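Work from the hints to combine the two standalone chains into their complex.
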Amino acid sequence: MEQKFVGFKCKACGRVMSTKHDRCLSCKATEFEEVELPKVGKLTTYTKLYTLPQGIEMPPLTLGIADFSGIRMLGQVSTDYPKIGMLLKPVWGKLRKLNEKDIYGFKFEPLE
Amino acid sequence: MRDVAIIGAGMTKFGRAPGDLMDILAEASLRAIEHANVVKEDFDAVYVSSMLAGEISHQTAVASSLVDRIALVPAAADRIENGPAAGGSALKNAFMAVASGCYDMVLVTGGEKMTTADTDIVTDLVATMLHPTAEYIHGATLPAMGGMLARLYMECYGLTERHLAMVAVKNHANALKNPYAHIQRACTVEGAMSSAVIADPLRLYYVCPISDGAASLVLCPLEKAKKFTDKPVRIAGLGQATDVQALQEREDPTVLKSVKVAAQKAFKMAGISADDIDVAEVHDAFEILEIAESEDIGFFEKGKGHLAVEKGLTALDGKLPINPSGGLKARGHALGATGVAQVVELVWQLRGECGERQVKNPKWALACNFGGFGNNTVIHVLERGW
Ligand SMILES: [Zn+2]
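As they're listed, the protein sequences go chains A and B. Just so you know, the first sequence maps onto residues 1 to 112 in my numbering. Just so you know, the second sequence maps onto residues 1 to 386 in my numbering.
Derived from the structure by calculation, the hints contain no laboratory data. Please note: incorrect hints may appear among the correct ones.
[Claimed, not checked] With a straight-line cut-off of 25 Å between C-alpha atoms, the simulated DSS-like cross-links for lysine-lysine are:
{"id": "1", "chain 1": "A", "residue 1": "Lys28", "chain 2": "B", "residue 2": "Lys304"}
{"id": "2", "chain 1": "B", "residue 1": "Lys311", "chain 2": "B", "residue 2": "Lys360"}
{"id": "3", "chain 1": "B", "residue 1": "Lys360", "chain 2": "A", "residue 2": "Lys28"}
{"id": "4", "chain 1": "A", "residue 1": "Lys9", "chain 2": "B", "residue 2": "Lys257"}
{"id": "5", "chain 1": "A", "residue 1": "Lys28", "chain 2": "B", "residue 2": "Lys257"}
{"id": "6", "chain 1": "B", "residue 1": "Lys227", "chain 2": "B", "residue 2": "Lys268"}
{"id": "7", "chain 1": "B", "residue 1": "Lys302", "chain 2": "B", "residue 2": "Lys268"}
{"id": "8", "chain 1": "A", "residue 1": "Lys20", "chain 2": "A", "residue 2": "Lys83"}
{"id": "9", "chain 1": "B", "residue 1": "Lys257", "chain 2": "A", "residue 2": "Lys20"}
{"id": "10", "chain 1": "B", "residue 1": "Lys319", "chain 2": "B", "residue 2": "Lys265"}
{"id": "11", "chain 1": "A", "residue 1": "Lys89", "chain 2": "A", "residue 2": "Lys42"}
{"id": "12", "chain 1": "B", "residue 1": "Lys40", "chain 2": "B", "residue 2": "Lys224"}
{"id": "13", "chain 1": "B", "residue 1": "Lys257", "chain 2": "B", "residue 2": "Lys268"}
{"id": "14", "chain 1": "A", "residue 1": "Lys94", "chain 2": "A", "residue 2": "Lys20"}
{"id": "15", "chain 1": "B", "residue 1": "Lys304", "chain 2": "B", "residue 2": "Lys257"}
As the structure is a computational prediction, the values presented were derived from the model and not from experiment.
Looking at chain B on its own, in the form it has when it is part of the complex (with noise of 0.2 Å):
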């Protein structure tokens, strides 16, 4: 296998864009080939993640639509679906792809354009990933999945509501500092328990918006990345797992174990383990999540994930950051998009071009990209390259 690199990212302004699906994917694209140093090279292959295209877009087979769009033809494209995590399936497609020596140079696209769409439709289409006849006939929606956990971390581990009040806080704090961000408005630990209650105990502040985005890889093999930029990201491990679909069905509820078992492969194949970890984006579609998360992938002990956020170990100047870019919650969570637009804020914070909310000087990142309601989870590692 060869090292791979990514030797370039962009994205779009998450929130609410102006333009449709394949407005978003091109100018994203565009930004991360210009970003890459790249505008000039061909491209062996284009991997476009997006979990509801033809469903709130009208549009089937949009990779083959973008490589039209920004002149990459003849590139083999494919769009990926992996739900939320589409976005770490398709990286995790384009870095076996160049591993394995089948491709040199891969863009990574990940889009969705959700805000056109009515609120109970879009709720609607994102539950039909749920278990068919023992979750989602039922009325199970994402938002209800997460206030079913979270009451059972309150009930199992002691978590109140302010802590998830206190995640919410620091995310939008962080997303004040990030241009990208969707919701760029400070929020205090009183606010955001007084807000309007979702799927209760989760409160609007404890659930991510619906956003417009586009995100955007450039991959190639690491020796390669000299060529192009004296700031290549190594990805060092990659990790993907699978679990029971309905929640109930699990032999501990609290435990995602497709996090788990995916942060353990990603560990072993990049040699390093939790602790060597500087700074990491995970998937905080609702804030219980980006605790439970921060414990299965091994930060923290299991159960004290809500410890760490009270001691403000997960802030910005923290010691180890999370979701710098203002996570799912405020960066915004345009599902397709958003496992791509985690490693987009990685591998800025790797090569020190986040402005205000950079961390210092980090070596090793995560990215966490959970799908279904933790049934399939792909975890990245990223490593500075230089």
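So here's chain A without its partners, still in its complex pose (with noise of 0.2 Å):
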């Protein structure tokens, strides 16, 4: 099955919101539809983690956060050289091991 990159758009005022909320954190209405976001993303800001927690393995890590047409989402970058302004693509993926069980999400790869 194909995995959407979705954000969340609320019926009464059109905000679309990055994570899941139960009310509209701008008009506190309660019914939002899922909307596919852009598939091209723009870098805004990175780090590389070199301290790791429990479950993700081989250090560094770039984590970052992206920014598609105004709508930000955090996640891993697949690349060891990143840099503000690279345009990234939503790839789903394995991310880490949450007790024992492999946790998938979108990463985002860089646009070649």
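So, in structure tokens, the structure goes:
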């Protein structure tokens, strides 16, 4: 099954949020629809993490915040050479192990 | 509402403590009780702050255990958990209880025993306070969030790594004069800038250590304080505010809105402004946070906090000394103890009991205890009460 890269759009005021809220951060309405986000984002900040939490091996882990037409998402960036402003696309993949279970989600891959 | 005074303050030396969590909670509490000159008094309530007592020390309901250890039964006892701002929250609860007239004699003790657990486990436990699906599962940790904020600051405001190092050098120098500090070692800008990278651009010297420690305060109504001390410290203002949990979902991720709102509330209640503050303890779990908080509290213009560091304004002999204790960076960061330890330092500063690191004649002080990655901040404003 293909995973959709989505945000949550408030049906009342139209605000799109990147995380799930049960009431809209702008107008407190409670009805949302999932909307697909643009497939290209821009890296706004990043870090290369050398001290990793449990469940992630192989430092450094590059983490970044990417902006998809105004909706920002945090994720793993699949490169050791991140650059602010670089273009990224979301790709579904394994993120880490938590309690012996593999956790999947969107990572960001440089568009080349 | 009644005026509330802090009449005693005590803490353990931060660092690697030989005993367990209950030992250090008891030690700090007894020091505060002795400092307050209330060794024979009954207490109405005890608020104990700890973030990870259950997870690291494998002990729950620690407040009920503490009253037993130090013979304060039948005092009411609650454990307060609000991440690394648990200490500020515990003090807030104690303040409100006394201000409302519910209780007359209250103890606030915060503590954490962290060094018994492996670093990767502690890192992971602390990271669980991040947004569960938008941050945590991706491998985000608190240093990672600090690193991303620091890089944003470099992009937006011209901060350089050197500024982070300067904050570290200042806080290490202050801690050298603090016998309670975890890290008692001078450092240089060059030394800090060649330490190991933790979360680029953050290096070891721009990140707080993992500490054991406990801190404690005794509160009573100001009108009764004179019975025990001629130097009561008045809690003049309190502000707490939250923000959207995920950093990336905030309108401007460089603005710590919870700090801003909490500070405004605290100043309004105290009837003063940021310019009136003579000394502050702020939550520098990462040195970028000392700079960002100093702006959002209102000490310096947004984006100019690093210039204040450059000019020495926040040094011990500067216009507004910040973190005379050494801060989280060098005094140490024992999670649930931190918010209480900040206020312990300020009580001692206002009373003129800080020896070599004494700030000259302060009247107003501010403590900023930052929880989550900035989504729950507690600020207290203190005033010399005599
Ligand atoms: Zn809405």
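#### Entry: Contradicted hints - numbers only
Of the numbered hints given earlier, those the structure breaks are 1, 3, 6 and 8, listed in rising order.
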